[in-house]
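If you read the sequences in order, they're chains A and B.
Under the working numbering, the final residue of the first sequence carries the number 116; numbering is consecutive throughout.
Under the working numbering, the final residue of the second sequence carries the number 134; numbering is consecutive throughout.
Read the hints as simulated data drawn from the structure, not as lab findings.
Among these hints, one or two may not hold up.
[Claimed, not checked] Within a straight-line C-alpha distance of at most 25 Å, the following computed DMTMM-like cross-link-like pairs (lysine to aspartate or glutamate) qualify:
1. A/79 / A/10
2. A/108 / B/74
3. A/70 / A/44
4. B/91 / B/74
5. B/91 / B/80
6. A/103 / B/74
7. B/78 / B/93
8. A/103 / B/59
9. A/103 / A/44
10. A/54 / B/59
11. A/103 / B/80
12. A/108 / A/57
13. A/108 / B/93
14. B/32 / B/121
15. A/108 / B/77
16. B/91 / B/77
17. B/32 / A/44
18. A/54 / A/18
19. A/103 / B/121
20. A/58 / B/77
21. A/62 / B/121
22. B/32 / B/83
23. A/103 / B/77
24. A/103 / A/71
25. A/108 / B/83
26. A/108 / A/10
27. A/103 / B/93
28. A/79 / B/77
29. A/70 / B/121
30. A/108 / B/59
31. A/103 / B/83
[As the list claims (entries may be wrong)] Incomplete in silico selection of chain A near chain B, CB under 10 Å:
32. 62
33. 64
34. 83
35. 87
36. 93
37. 95
[Stated by the list, open to error] Computed beta-carbon distance windows for the label pairs:
38. A/24 / B/28: 21 to 27 Å
39. B/127 / A/17: 25 to 31 Å
40. B/39 / A/41: 31 to 37 Å
Nothing here was measured: the structure is a model prediction, and the numbers come from that model.
Quick reminder that beta carbons are idealized off the backbone N, C-alpha and C, glycines included.
Residues per chain, in single letters:
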Amino acid sequence: GNSVTQMEGPVTLSEEAFLTINCTYTATGYPSLFWYVQYPGEGLQLLLKATKADDKGSNKGFEATYRKETTSFHLEKGSVQVSDSAVYFCALTNSGGSNYKLTFGKGTLLTVNP
Amino acid sequence: DAGITQSPRYKITETGRQVTLMCHQTWSHSYMFWYRQDLGHGLRLIYYSAAADITDKGEVPDGYVVSRSKTENFPLTLESATRSQTSVYFCASSRRERTDTQYFGPGTRLTVL
């Protein structure tokens, strides 16, 4: 079946540091890949997505590239801010059939200190 | 633009009681989902629905019941609550496309004593 593995947290960084959160996946065919973010006390919201190999998703300074050869979708940001403190989830949807369920990683807590 | 709402936001109940969590979306999305979020497990799918009157089990359906008589509503019922069902529950919806975003509600924090 499908699975997503993302790096264990928590991750603590100083403001303006470079961020990488690793995400690898196991899936058949060509899944769509997503990063969701959950700010304290809120529901999840889409951060970015990529729907085919070599696509790059980007939003709010975050980027991730769909690498089929390494089955990875690592999240990066060049300069984090305190407001980026949140839990980040990597996820995928099935590539076939009519089943659009999301499979999530366990989440990575990011804390950015001023 | 109300989006997707959940009620109640917080609920405390006792073991053995029936509890219903409500979810309502205003976009007429085809798909709706219920997840539970627990420390160390991330989000796990409980049930989902592809359209009104069509529901199917997810990863952890035991102890839960769903219905979807109208496109916009997707209630989740715990028929006899147990302590292991203490969790944060999220409802989500999406259109009928594999690449589409799922939109999440704000969550319901349920405590079973």
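Status of each hint after checking the structure:
For the hint pairing residue 79 of chain A with residue 10 of chain A, the CA-to-CA distance comes to about 18 Å; that is within 25 Å, so the pair holds. Pair hint residue 108 of chain A plus residue 74 of chain B does not hold up; C-alpha atoms about 31 Å apart against a cutoff of 25 Å. A distance of roughly 32 Å separates the Cα atoms of residue 70 of chain A and residue 44 of chain A; the hinted pair therefore is violated under the 25 Å criterion. For the hint pairing residue 91 of chain B with residue 74 of chain B, the CA-to-CA distance comes to about 8 Å; that is within 25 Å, so the pair holds.
Among the hinted pairs, residue 91 of chain B with residue 80 of chain B is consistent with the structure: their alpha-carbon atoms are about 24 Å apart, no more than 25 Å. With a C-alpha separation of about 18 Å, the suggested pair residue 103 of chain A and residue 74 of chain B falls inside the 25 Å cut-off, and the hint holds. Pair hint residue 78 of chain B plus residue 93 of chain B holds up; C-alpha atoms about 19 Å apart against a cutoff of 25 Å. Of the pairs offered as hints, the one joining residue 103 of chain A and residue 59 of chain B holds, with about 18 Å between alpha carbons and a cut-off of 25 Å not exceeded.
With a CA separation close to 21 Å, the supplied pair residue 103 of chain A and residue 44 of chain A stays within the 25 Å bound. Distance check on the hinted pair: residue 54 of chain A and residue 59 of chain B sit about 30 Å apart at the alpha-carbon level, beyond 25 Å; violated. With a CA separation close to 10 Å, the supplied pair residue 103 of chain A and residue 80 of chain B stays within the 25 Å bound. For a cut-off of 25 Å, the pair hint linking residue 108 of chain A to residue 57 of chain A stands: about 23 Å separates their Cα positions.
Restraint check for residue 108 of chain A and residue 93 of chain B: the C-alpha separation of about 29 Å exceeds 25 Å, so the hint is violated. Distance hint between residue 32 of chain B and residue 121 of chain B is unfulfilled; the C-alpha atoms sit about 31 Å from each other, more than 25 Å. For a cut-off of 25 Å, the pair hint linking residue 108 of chain A to residue 77 of chain B stands: about 23 Å separates their Cα positions. The suggested pairing of residue 91 of chain B with residue 77 of chain B holds, with an alpha-carbon distance near 16 Å, which does not exceed 25 Å.
At most 25 Å may separate the alpha-carbon atoms for a hinted pair to count; residue 32 of chain B and residue 44 of chain A meet this at roughly 16 Å. Between residue 54 of chain A and residue 18 of chain A, the direct Cα distance comes to roughly 30 Å. Violation of the 25 Å bound is thereby established for this hinted pair. Distance hint between residue 103 of chain A and residue 121 of chain B is fulfilled; the C-alpha atoms sit about 11 Å from each other, no more than 25 Å. Restraint check for residue 58 of chain A and residue 77 of chain B: not satisfied, since their Cα atoms lie roughly 33 Å apart, outside the 25 Å limit.
Distance check on the hinted pair: residue 62 of chain A and residue 121 of chain B sit about 19 Å apart at the alpha-carbon level, within 25 Å; holds. In summary, the hint linking residue 32 of chain B to residue 83 of chain B is supported, as the alpha carbons are separated by about 20 Å, within the 25 Å threshold. About 11 Å separates the Cα atoms of residue 103 of chain A and residue 77 of chain B, which keeps this hinted pair within 25 Å; it holds. The hinted pair formed by residue 103 of chain A and residue 71 of chain A meets the criterion: a straight-line CA distance of about 23 Å does not exceed 25 Å.
Taking the CA atoms of residue 108 of chain A and residue 83 of chain B, the gap is about 21 Å. The hint holds against a cut of 25 Å. Proposed proximity of residue 108 of chain A and residue 10 of chain A is supported: the alpha carbons are some 8 Å apart, at most 25 Å. The suggested pairing of residue 103 of chain A with residue 93 of chain B holds, with an alpha-carbon distance near 18 Å, which does not exceed 25 Å. As the CA atoms of residue 79 of chain A and residue 77 of chain B are separated by approximately 38 Å, the hinted pair breaks the 25 Å bound.
The hinted pair formed by residue 70 of chain A and residue 121 of chain B meets the criterion: a straight-line CA distance of about 20 Å does not exceed 25 Å. Between residue 108 of chain A and residue 59 of chain B the alpha-carbon distance is near 9 Å, which keeps this suggested pair within the 25 Å criterion. Pair hint residue 103 of chain A plus residue 83 of chain B holds up; C-alpha atoms about 18 Å apart against a cutoff of 25 Å. For residue 62 of chain A, the shortest C-beta to C-beta distance to chain B is roughly 15 Å, which exceeds 10 Å, and the interface hint is violated.
For the restraint placing residue 64 of chain A at the interface with chain B, the shortest Cβ-Cβ distance is roughly 15 Å, beyond the 10 Å limit, so the hint is violated. Taking 10 Å as the C-beta cut-off, the interface hint given for residue 83 of chain A is violated, the closest approach to chain B being about 23 Å. Taking 10 Å as the C-beta cut-off, the interface hint given for residue 87 of chain A is violated, the closest approach to chain B being about 18 Å. Hint status for residue 93 of chain A: holds, given a least beta-carbon distance of 8 Å to chain B, under 10 Å.
At about 5 Å, the closest approach between the beta carbon of residue 95 of chain A and any beta carbon in chain B falls short of 10 Å, and the interface hint on this residue holds. Hint check: residue 24 of chain A to residue 28 of chain B, Cβ distance near 37 Å, so the stated range 21 to 27 Å is violated. A C-beta distance of roughly 28 Å is found between residue 127 of chain B and residue 17 of chain A, which places it inside the suggested range of 25 to 31 Å. Separation of residue 39 of chain B from residue 41 of chain A is about 32 Å and conforms to the stated range, judged on CB atoms against 31 to 37 Å.
Hint violations for this structure: numbers 2, 3, 10, 13, 14, 18, 20, 28, 32, 33, 34, 35, 38, all remaining hints satisfied.
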